[in-house]
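Participant: From first to last, the protein sequence lines stand for chains A and B.
The numbering used here numbers the first residue of the first sequence as 1 and each following residue consecutively.
The numbering used here numbers the first residue of the second sequence as 1 and each following residue consecutively.
Rather than coming from a laboratory, the hints here were simulated on the basis of the structure.
Among the hints, erroneous ones may be present.
What the hints assert, rightly or not - No more than 30 Å apart at the CA atoms, straight line, and that leaves these computed lysine-lysine pairs for DSSO-like: (1) A:K4 to B:K71; (2) A:K35 to B:K293; (3) B:K194 to B:K117; (4) A:K35 to B:K141.
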Amino acid sequence: MAAKVHVTATINGEPVEFLCEPRQSLLEVLRDELKLTGSKEGCNNGNCGACSVILDGLLVDACIVLGAEIDGCSVETIEGLMDSEGLHPLQQTFLENAALQCGICTPGFIMAGKSLLEKNPQASEGDIRHWCAGNLCRCTGYDKIVRAILDAEPQLEVKK
Amino acid sequence: MNPTEVMEPAKTEVKKKYKVIGTRPIRHDGVDKVTGRAVYGADVQLPGMLHGKVLRSPHAHALIKSINTEKAEALYGVKAVMTAADFPDAGSRTANLGELGEVPLKPMCDNVMASDKAVYHGHAVAAVAATSPHIAEEALKLIEVEYEVLPPVLDVVKAMDEDSPLLHEDLYTDELGEKSSRPSNVASHSRHVKGDVSQGFAEADHVLEREYRCATVHQGYIEPHAATAMWNPDGYLTMWVTTQGAFAVRTAVHQILDIPVSRLKVIPTEIGGGFGGKIPVYGEPVAAVLSRKARRPVKVVMDRTEVFLATGPTSGSYVKLKMGVTNEGRITAAETMLAYEAGGYPGSIVALGGICMFAPYNIDHTTIDMYDVVVNKPKTAAYRAPGAPNSEFAVECMLDEFCQILDMDPMEIRLKNGAKEGDIQSHGIPHPRIGCIETTEAARDCEHYQTPLEGPNRGRGVASGYWVNAGLTSSVTARLNGDGTVTLQEGSTDIGGTRTSIAMQLAEVLGIPVEDVVPSVVDTDSVGYTEVTGGSRVTFATGWAAYNAGQAIKSQLIEQAAEVWKVDKDQVTLADGVITTTNGDSRSMTIKELAANLSQKGIDVGSRETVTPQNHGGAYATHVVDVEVDPDTGKVTILRYTAVQDAGRAIHPSYVEGQMQGGVVQGIGWALNEEYFYNEEGNLMNASFLDYRMPTSLDLPMIETIIVEVPNPGHPYGVRGVGEVPIVPPQAAISNAIARAVGVRLGDLPMSPQTVVKALAAKS
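Only chain A is shown next, with the shape it has when bound in the complex (with noise of 0.2 Å):
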């Protein structure tokens, strides 16, 4: 068996160490070693965007990074985004558009809606679609939750 890996990062703001073998995804990394469950498996190739996480500000899909390769670098889960004041506020605009039926591409999407809104604060619905391309879902035709990502914007402007 190959020997493990000793990898230092920071991850929702707080430094972790672990060790995992060079063949463990961040996926599996975050899931099995550091029982960050909410990153969901939905394709494991990079396909579905299930399990979008922030690594150093760039969106990705964790199963198609190494676990080994974020050594140094920070990132961002669904876990991290409840602050002392509650929920994120795609959280909750989620949750009052009914953004989500079974849940499961949820954590990805929100993941994916918080990098763009940093980006793009004022996001149309085409901006949307576009950036979302590589979220899927097979619940809700999309249709709420773009609304979701729409209604967070002017919340968001606002929090700053």
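Following the hints, position chain B against chain A.
Facilitator: For chain B alone, kept in the frame of chain A given last:
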């Protein structure tokens, strides 16, 4: 953007009548699901847990001559290896599949793990439990299987030929109730006859006869199947499963493993989509056997490839349809032959395709011949309105052709022939109160339909759809807490907000806020028997059980208040969460006050309810779509889409809209892109989300919804199922829109760019 309309008359009525129903509260499980805390199938972690992986057949059709697991067993980290030989002999035992009836158990066992023959590419043949998923995968490569490869049978029509290779030497056609004399791939042929089609066709001024085909498509839920089993030495088996029905899993595992139901507890996790595909068992019995052999908990999680290869797609199909109409647009007769793929073992959903096919219309003369055909593809499973899209696609396309021949508006032909209460359906059952006419009228009058569509290569399509819905058994347990809230335990797994739509019905009875009802989905030891989350039945049937629980709590509270006040219970009433006397002495107390009082006295208020409602009523929808066709590439763009549907009563309108929008988009995927590609050897070539092309957000506009409410007299609040019917109309609506955009009629699904380009080339 167009917000959803709720038709005016109903809206007014809802406002008057109800306090909770028709509002849009935040779902009870919402915070868990937006924070990543909700536990889905693969999230289960137990001390000492092993990871199971399944070895699958590389061949579509092959005899299994031998399996050697010695090398795999010897690998470091491997704790157990199993094959079908580890299952008890199915013999002649049968399995009860509820609405699907009593079936032999052997095919069900063989589908979970092949014993002597693999009948589709990806069929499970062995499994390993190891300390990590990677070690389990390595061990699979060490298992030696000797196959004798046989020719695959992939086409549903060719499979019916007398000289086709046979999947099962012991399968004899059930031919209209009689067993045939020679084995065949046709598992059954059944028929519905109403009136006399020859008379009906004689009355027709125009007759069309066409063939329609649907490719095999998958439900496409984002969460792969996952099951964790812990088999204790005392014989008690606990399972954590992502499933549409914890009791269905309990029944299936009990039957396959031949262990008493009482030794088996199934704990449903959150479920990441199912659409019918998470009703059968796959890895559940495998995890159980591996756990027994390894004496440790075992989790078996599929990867996406396995989901495509080995779990239920829905039937690909061939439909031949002949219909006749008069010059006035009255349908005089319809005759059809339906052949549906069952996959590797008998049991397609062709019967439901037959029942729904002509249900939107009142036709005097119909004949329906239905064939259930085995082919070397995964055993099919239900998929949202199972069977209905395949057959209704044909009818809805042909009606549009008649409209063009007769120069008639598509809404007019549907209104002219639309089914009403009391009309006898093609299988002999009269329609209950349905909203067919009201829905079509709402579609005709909607802003979208009334706005002309302009521009080259653009067309507007209309199609309707019907789904039969289901009632079946549901249970809840409700208990009043000392603070006046109600704890509600449900047997129905929640795939799309049903905790809330069920809780709302109990809250309505008591007149309390829905936030004061705390619903949870519980395990098979903790609530009465409940059938699967399917058939659009949960808000209808489990909601009804909650309604009954509310009524029981209400009458107990009235009795207890009468006891406190020393008055006759007939002089006490409960409304809007307040109990009052009606004898003129104006005494009152809130439920919360009485609950505190009763709690101190140790008096338990609550109820256990089980219902099996029969009058679920059918669901009806009419859709309007505008498309633009790129004549060079064949790409079809959805410009605008409006779905109109009779919900009976929309308990939580946001989640009704969500069902409509989700169903529409699955229908759009089915119409334009989705299909299983097999090569000549029967290997599935597109078992990934990249190559099995489901719609993304970029492919779609907003999906406009109009909820029509024609209350179902078979439910206390008028609910009818809403989840499934919206997947029925899109395929034909889009085909009709393409026909009107560029003048080609497409009867084969999907209408992918290459199909459209080919049809355009053939036309010119």
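Participant: Look at each hint and say if it fits the structure.
Facilitator: The hints, checked one at a time:
| no. | hint | result |
| --- | --- | --- |
| 1 | A:K4 to B:K71 | holds, 25 Å |
| 2 | A:K35 to B:K293 | holds, 27 Å |
| 3 | B:K194 to B:K117 | violated, 41 Å |
| 4 | A:K35 to B:K141 | holds, 29 Å |
In summary, the structure is inconsistent with hint 3 from the numbered list given earlier, while agreeing with all the others.
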